[in-house]
Amino acid sequence: MNDFQTFREKAVKEYKKLQHPTKPVIYIGMGSCGLASGAGEVWQKTREILDRDKIKADMLKVGCIGPCYLEPFLDIQIPGSPRMSFNNVTVEKLEKLLPSFLLNGKSKIKPIGYLGGNGEAHEGIKSLWELPMLRGQERIVLRNCGIIDPENIGHYIARGGFEGLLKALKKGPQGVIGEVKTAGLRGRGGAGFPTWKKWQLCHDAPGNRKFLICNADEGDPGAFMNRSLMEGDPLSLLEGMIIAAFAIRASTAYIYIRAEYPLAIERLKIAISQMQKHGLLGKNILGSDYSLDMRIKEGAGAFVCGEETALIASIEGERGMPRSRPPYPASSGLWGHPTNINNVETLATVSTVLREGGKWFAGYGSEKSKGTKTFALVGKVRRTGLIEVPMGTTLREIIFDIGGGTRKEFKAVQTGGPSGGCLSKEFLDLPVDYESLSGAGSIMGSGGLIIMDDDTCMVDVAQYFLRFTSVESCGKCTPCRIGTKRMVEILEKITSGDAEPGDIQALKDLAVTVKEGSLCGLGQTAPNPVLTTLKYFPEEYEKHVVDNRCPAAVCRELVEYNVIKDKCTGCQRCVDVCPTEAITGPRSEPHYLDAEKCIKCRACYEICRFDAIAGDAITIE
Amino acid sequence: MAVSIIAITSKYAPGDKSNLIAILQDAQKKVGYITPEAVDKISGHLNISRSQIYGVASFYSQFKFNPPGRNSIKICLGTACHVQGGDFLLNALNSEIGISPNETTEDEKFDLDRVACLGCCALAPVIMVNDAIFSNMSVVKMKDLLDLYE
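So the sequence lines, in the order shown, correspond to chains A and B.
Counted from 1, the first sequence has number 202 at position 203 by numbering that gives the first Met the number 0; the numbering is strictly sequential.
Counted from 1, the second sequence has number 95 at position 96 by numbering that gives the first Met the number 0; the numbering is strictly sequential.
Just so you know, these hints were derived from the structure itself, not from any lab.
Where hints are given, some of them may not hold.
[To be verified] When the alpha-carbon atoms are kept at most 30 Å apart in a straight line, the in silico DSBU-like pairs for lysine-lysine are as follows:
id, chain 1, residue 1, chain 2, residue 2
1, A, 475, A, 596
2, B, 73, A, 95
3, B, 142, A, 268
4, A, 596, B, 73
5, A, 44, B, 16
6, A, 296, A, 166
7, A, 166, A, 53
[To be verified] Selected chain B positions facing chain A (Cβ under 10 Å, derived; list incomplete):
id, residue
8, 43
9, 46
10, 48
11, 50
12, 59
13, 79
[As the list claims (entries may be wrong)] A few chain A positions that, by computed beta-carbon distances, are all more than 10 Å from chain B:
id, residue
14, 2
15, 31
16, 35
17, 36
18, 258
19, 259
20, 298
21, 320
22, 413
23, 455
24, 471
Yeah, the Cβ is synthetic: ideal placement off N, Cα and C, and Gly gets one too.
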């Protein structure tokens with residue numbers, strides 16, 4: 000305990016020193032999104048420039064601050080100035096930026112904002128939090144992401160880390176559960192079950208051996224909130240896990256994480272070993288009588304393992320197939336012992352709830368949905384990325400104020416992944432909370448928000464999700480195994496122009512059967528994308544069935560590619576990229592597209608759009 | 000190969016089948032896919048039948064039963080990638096290198112997998128080649144990219 004206090008004082012001192020540096024510090028966002036946009040090259044080039052020009056500066060890897068459309072993200076703090084952020088940094092940009100900014104504090108490349116300080120403009124540069132994408136946000140869970148070095152436990156501690164755990168150990172299990180009840184925290188995995196109730200059930204269940212499992216399987220396609228959080232601030236999750244495990248008196252905790260997240264796994268492993276070194280994990284945590292063993296289990300790729308009984312089967316080394324409940328895991332879970340399963344975001348929130356108090360947390364959000372929620376804002380929206388907003392924020396605020404709207408006309412927002420639904424523009428003023436979304440036929444889900452515009456075909460989207468769930472169906476119960484397959488077949492008929500008049504009714508009937516007859520959540524929610532699109536976009540289905548047309552020009556069978564003669568300049572770029580030599584014609588004369596040879600790969604359409612002169616010479620009809 | 004599998008199984012307690020998935024993951028990391036020899040060894044170590052092992056392994060999309068190519072392409076077909084044209088990438092790959100998901104090219108240059116989501120949705124559509132993720136892909140960009148691999 001005293002060791003920890005000494006370590007904390009040292010960490011605070013060192014962190015302060017970092018914020019008031021004597022030589023420049025360069026922070027580079029090295030989350031998966033950053034790396035995918037080229038942060039690795041940016042890191043290497045920065046190192047090279049520093050060595051070449053003999054500039055003394057420290058380099059730090061940080062997580063993702065959220066606005067993915069600005070990646071790669073790089074911050075520079077020179078002594079006596081706040082931390083300046085630069086967006087979309089490329090290797091070429093670095094040459095113009097680094098030497099002059101590091102040596103003279105100025106460069107031709109202007110920062111997009113600054114971090115820290117008092118929030119007022121600094122030499123004409125606004126605070127980064129004034130950016131339209133960040134202004135409407137409230138960062139509780141993500142407060143450390145992109146700010147601290149996720150591989151340095153000292154940074155986490157200096158920013159209040161483990162204060163929640165210290166308080167929890169003093170309060171005792173029942174006190175912790177009470178605090179979470181006051182906070183009104185509900186499960187962030189999607190269903191919204193009150194967290195305290197889940198804990199209480201497991202706490203009260205008889206048994207000497209209990210388990211805590213963190214569900215980090217994040218299987219929803221289109222969602223990456225948990226990945227970003229674990230990459231950017233793994234310790235907040237681990238602290239929350241100890242608090243939860245302490246509340247239910249679990250002796251072993253598992254993180255079930257998908258193997259597709261190698262960076263998150265690595266950061267968690269580093270964090271766990273640092274915690275063990277400082278007495279924050281293992282025997283007698285912080286000198287108390289509480290001990291906890293923390294293990295990582297890598298998932299092997301099965302969406303159904305997000306369902307808790309399937310997840311448990313998978314940890315036991317079996318096929319990840321759900322079983323019927325009751326008994327619930329709270330009384331009989333992993334190897335038959337009482338087990339509590341929470342989502343990553345729920346657990347990471349717990350550390351803040353304990354640190355700041357349940358009352359403080361309940362001050363955010365709406366009446367029945369307290370606190371904040373993270374969302375992955377993706378699809379056809381201008382500003383994509385990871386955001387955190389108070390519950391009750393409207394879809395319009397999220398999509399238009401934070402996301403900057405869509406390029407073409409907004410059509411729909413999909414929430415809740417394959418279990419959720421598509422909501423049309425009539426719902427834009429819907430506040431985002433558990434009740435409102437399920438009332439509209441969708442669900443909160445884990446936080447994926449996929450924005451769709453006029454280029455998106457709603458029938459295709461429904462088909463996409465049903466294909467996904469039919470493939471991911473474990474096959475145990477018939478309604479899900481066969482029902483989703485038959486639904487896919489009907490949708491395939493519709494999107495290829497072979498539909499018959501009774502098909503839409505058959506689709507509706509099947510949807511209801513699958514919803515009511517399936518064993519687990521996967522099957523019970525699988526028809527939601529179909530039901531919501533049928534309800535809110537019936538005209539799109541009709542166009543496909545009656546007119547054999549796909550208004551969004553997505554369904555391949557219903558689309559023909561053509562060259563528009565008056566627009567084509569004969570630049571030959573499409574001729575070069577066509578893999579089947581379907582386009583021919585001499586230079587400077589309109590080309591000809593042979594529909595027989597065309598495989599509709601869209602390469603010509605893409606390359607023509609990038610050509611400023613030819614404009615939309617190749618269109619789809 | 001048999002030796003390397005024993006090196007893997009010996010890290011885990013004999014007879015504890017809760018480690019089956021972890022052993023399979025290690026074996027695949029080492030050899031690139033799940034070989035019949037590996038299944039034999041694991042079966043002996045954990046004292047479970049080979050059919051049980053295949054039953055578990057084939058349930059999870061991560062496990063492969065064919066030798067992989069020199070380069071592994073993973074095409075993300077998450078929702079965001081789908082909406083941004085991921086399917087067009089998959090079709091272009093089929094026509095360009097002539098393989099479908101779960102296959103390896105004849106010259107063993109590439110193998111192809113579809114994944115549900117790589118979690119880079121804001122940069123969709125994305126593909127992963129070996130360990131690197133490439134963002135904002137297009138049919139044209141992808142073709143240029145694949146030319147860089149041997």
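Evaluation of the provided hints:
no., hint, result
1, A:475 - A:596, "43 Å, violated"
2, B:73 - A:95, "35 Å, violated"
3, B:142 - A:268, "37 Å, violated"
4, A:596 - B:73, "28 Å, holds"
5, A:44 - B:16, "47 Å, violated"
6, A:296 - A:166, "29 Å, holds"
7, A:166 - A:53, "47 Å, violated"
8, 43, "16 Å, violated"
9, 46, "13 Å, violated"
10, 48, "14 Å, violated"
11, 50, "12 Å, violated"
12, 59, "4 Å, holds"
13, 79, "4 Å, holds"
14, 2, "32 Å, holds"
15, 31, "6 Å, violated"
16, 35, "4 Å, violated"
17, 36, "6 Å, violated"
18, 258, "6 Å, violated"
19, 259, "6 Å, violated"
20, 298, "8 Å, violated"
21, 320, "8 Å, violated"
22, 413, "7 Å, violated"
23, 455, "6 Å, violated"
24, 471, "8 Å, violated"
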